[in-house]
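Engineer: Full structure from sequences and hints, please.
Chains as they are written, first to last, in our numbering: chain C, 1 to 250; chain F, 1001 to 1483.
Derived by calculation from the structure, the hints in this document are not laboratory data. It cannot be assumed that every hint is accurate.
[Stated by the list, open to error] Which bits of chain C does chain F cover? Going by a derived footprint, with three or more residues having C-beta under 8 Å, they are:
1) 64-73
2) 104-117
[Claimed, not checked] In silico SDA-like cross-links for lysine to any residue, where the CA-CA straight-line distance does not exceed 20 Å:
3) C:K151 / F:E1430
4) F:K1460 / C:P91
5) F:K1456 / C:F137
6) C:K108 / F:K1456
7) F:K1460 / C:R140
8) F:K1456 / C:S141
9) F:K1456 / C:K107
10) C:K107 / F:D1445
11) F:K1456 / C:E136
12) C:K151 / F:G1429
13) F:K1456 / C:E144
14) C:K108 / F:S1442
Every residue, glycine too, gets a C-beta built ideally from N, C-alpha and C.
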Amino acid sequence: MLSINNLHANIEGKKILNGINLEVGTGEVHAIMGPNGSGKSTLASVLAGRDNYEVTEGSITYRDQDLMEMDPEIRAREGVFLAFQYPVEIPGVTNMYLLKAAINAVKKHRGLDELDAREFLKLIKEKAAMVEMKQEFLYRSVNEGFSGGEKKRNEILQMALLEPYLSILDETDSGLDIDALKIVAKGVNLIRSQERSMILVTHYQRLLDYIVPDYVHVLAGGKIIRSGGKELALELEEKGYGWIDELAAA
Amino acid sequence: MTTTDSDLAPHLKRDYKEGFITDIDSETLPPGLDEDVIRFISNKKNEPEWMLEWRLDGFRRWQEMTPPEWAHLHHPPVNFQEISYFSAPKQKPLLDSLDEVDPKLLETYEKLGIPIDEQKMLAGVKVAVDAVFDSVSVATTFKKTLLEAGVIFCPISEALQEYPELVKQYLGSVVPATDNYYAALNSAVFSDGSFVFIPQGVRCPMELSTYFRINEMNTGQFERTLIVAEDDSYVSYLEGCTAPMRDENQLHAAVVELVAMKGAEIKYSTVQNWYPGDENGKGGIYNFVTKRGACRGQGAKISWTQVETGSAITWKYPSVLLEGDDSVGEFYSVALTNNYQQADTGTKMIHIGKNSKSTIISKGISAGRGQNAYRGLVKILKGAENARNYSQCDSLLMGDKCGAHTFPYMEVKNPSAVVEHEATTSRIGEDQLFYCRQRGMSEEDAVSMIVNGFCKEVFKELPMEFAVEAQKLLGISLEGSVG
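Structural biologist: Structure follows, in structure tokens:
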């Protein structure tokens, strides 16, 4: 699904990613953990194609294609989805409109028929129920006046609708209370399948109680310094990020 | 984070498809302005003596005045002696039949998508059109149908022949000849425009519209529109305008007067698409317009909606005099300035009657090196017990070389008044664009969607067909049927 090879990236000349290597197989869920400033969110942004990052070295192969060659919208249409840490507000544009534009952009790209209003409505109601989102949120402006939890749930709704091959969840758990976290996790678990891969970027182990990863990677100083199974997250939780510094120094 | 001009530039370019020139034989006065020119125009239109005197009075007042300099606009002074004040296609059509209209004119309107052939109009979307070409009206549709309902809709030059007393009673009653520099000039030289009269209790059976076209070179357009709605009547009126692409700046100085009597409602919508000049700021229309309505009776309502996308310079403040108790004034505006366009636009709401209410929603969009100013006055006079005003002015900046400015003025002389003003300025952020692109939308579609969302409160006030045109004009794909 995804193969990251010796990835180096800068932002405004400052080195953030320092040689990342990562293989994500089809159907796998990988968690990437690390302290603040370790480069977790940068990795998510680089994968999605944000252009204020400069990739200086390395390569990314996604489903046998060179990901770096694709514009952000092409990546999206090819099935790369980023659930944002801070979803933006778009005043005056209904959630419904954005969602319909998004799914039809994907369908068109893949040579499929675009959904008409009725088909779309049926589908979106189904998906909204999946993430326990009230229908009124569909008719409100994108993320405007949404609480933190509602914004994150809206991201998961978009993910459920677009059915991406590779989902990257950037700190989706941040700012959520335990009930909201459970709803988000439930939605993610419903989407999880043998055909889809996921990368969970998180600071805390808490999320991984609800979405159990196949692999855990620890990121520090722009490098993966340790990889393991789900038990690595527990070890990290127990020993704290101070332990990371020791590992990095070693 | 903000986007830079180079990111947005490819999406802001638009072709001005209305920029063609109609090759037609015209009778055009040589440039220059003096009393003889005014006598010529008045004589050409076979006007009554009082009309000529009114024009000459306006001209004399104008000569004593100086152009206003308070607006946030920069342009070289206009040389009024270099402009021609009258131009008309030579073959004067008989106004009752389109068969008499020069085919070149018919073709022009067809190209512009303006329906002036009644037969060809689709059922259900009937709009009566008065088509003004340079200085004259060349066709007015559905006049008979409207007359059966008691509605008068005709060129003002014709109204001066057919209904001189009505014109005399109301002309200049809202915007006097001495009101301002450009209104005085218009009073002296106005050539045509539309006249609308809705009798008591009549709901006008269709939308009325005037389509203004400037064609001739070095010609100014000075139209005058007068709409009178008697007690408890209703009319919705639309105004559209375009001009060829020319390297010289051309002057458009119009006056629109609205009179709404007791319980009457006038809804006036404009989609202004005059040639804006090229991307280096060469050419384009100077648009100096005075628009004002008077709510003369209890419960009268006047609503202005404008979408201003064209012109090199826009100087325009559609206003409402809220004379009647419980009268209502509304102003909804979208003004877009791109490249070197400048707009100084807004409104005046003058509260005189008790419980009078006004709403102002202004959306300014600046791109390229565009400069966009909102200028508004809310005045509550002493007797305007319990007057209410709500103003909202939002500015959207695209790129880093444009400007947005807000000049709200308030004068409140009655302590029971409630006046609210809100203003915001935002940029189309890289964050918003990236978010939309990450969901699979092209950058172009994302810009359109965000701008469309920003203007939504104004677009929803426009009649359906106009709203569609307005969205297209801003380069916006139509919103789907959901949402």
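Engineer: Now tell me if each hint is right for this structure.
Structural biologist: Evaluated hints:
Beta-carbon proximity to chain F at under 8 Å applies to 3 residues in the segment 64-73 of chain C; the threshold of 3 is reached and the given coverage holds. Counting residues of the segment 104-117 of chain C whose C-beta lies closer than 8 Å to any C-beta of chain F gives 4; at least three are required, and the coverage claim holds. Distance restraint check for K151 of chain C and E1430 of chain F: the Cα-Cα separation of roughly 19 Å lies within the 20 Å cut-off, and the hinted pair is therefore satisfied. With a CA separation close to 15 Å, the supplied pair K1460 of chain F and P91 of chain C stays within the 20 Å bound.
Distance restraint check for K1456 of chain F and F137 of chain C: the Cα-Cα separation of roughly 18 Å lies within the 20 Å cut-off, and the hinted pair is therefore satisfied. The suggested pairing of K108 of chain C with K1456 of chain F is violated, with an alpha-carbon distance near 27 Å, which exceeds 20 Å. Pair hint K1460 of chain F plus R140 of chain C holds up; C-alpha atoms about 16 Å apart against a cutoff of 20 Å. For the given pair, K1456 of chain F sits about 11 Å from S141 of chain C by alpha-carbon distance, which is consistent with the 20 Å threshold.
Of the pairs offered as hints, the one joining K1456 of chain F and K107 of chain C is violated, with about 27 Å between alpha carbons and a cut-off of 20 Å exceeded. Restraint check for K107 of chain C and D1445 of chain F: satisfied, since their Cα atoms lie roughly 16 Å apart, inside the 20 Å limit. With a CA separation close to 19 Å, the supplied pair K1456 of chain F and E136 of chain C stays within the 20 Å bound. Note on K151 of chain C and G1429 of chain F: the hinted pairing holds, with a Cα-Cα distance of about 18 Å set against a maximum of 20 Å.
For the given pair, K1456 of chain F sits about 15 Å from E144 of chain C by alpha-carbon distance, which is consistent with the 20 Å threshold. At most 20 Å may separate the alpha-carbon atoms for a hinted pair to count; K108 of chain C and S1442 of chain F meet this at roughly 12 Å.
Going through the hint list in order, the structure does not satisfy hints 6, 9.
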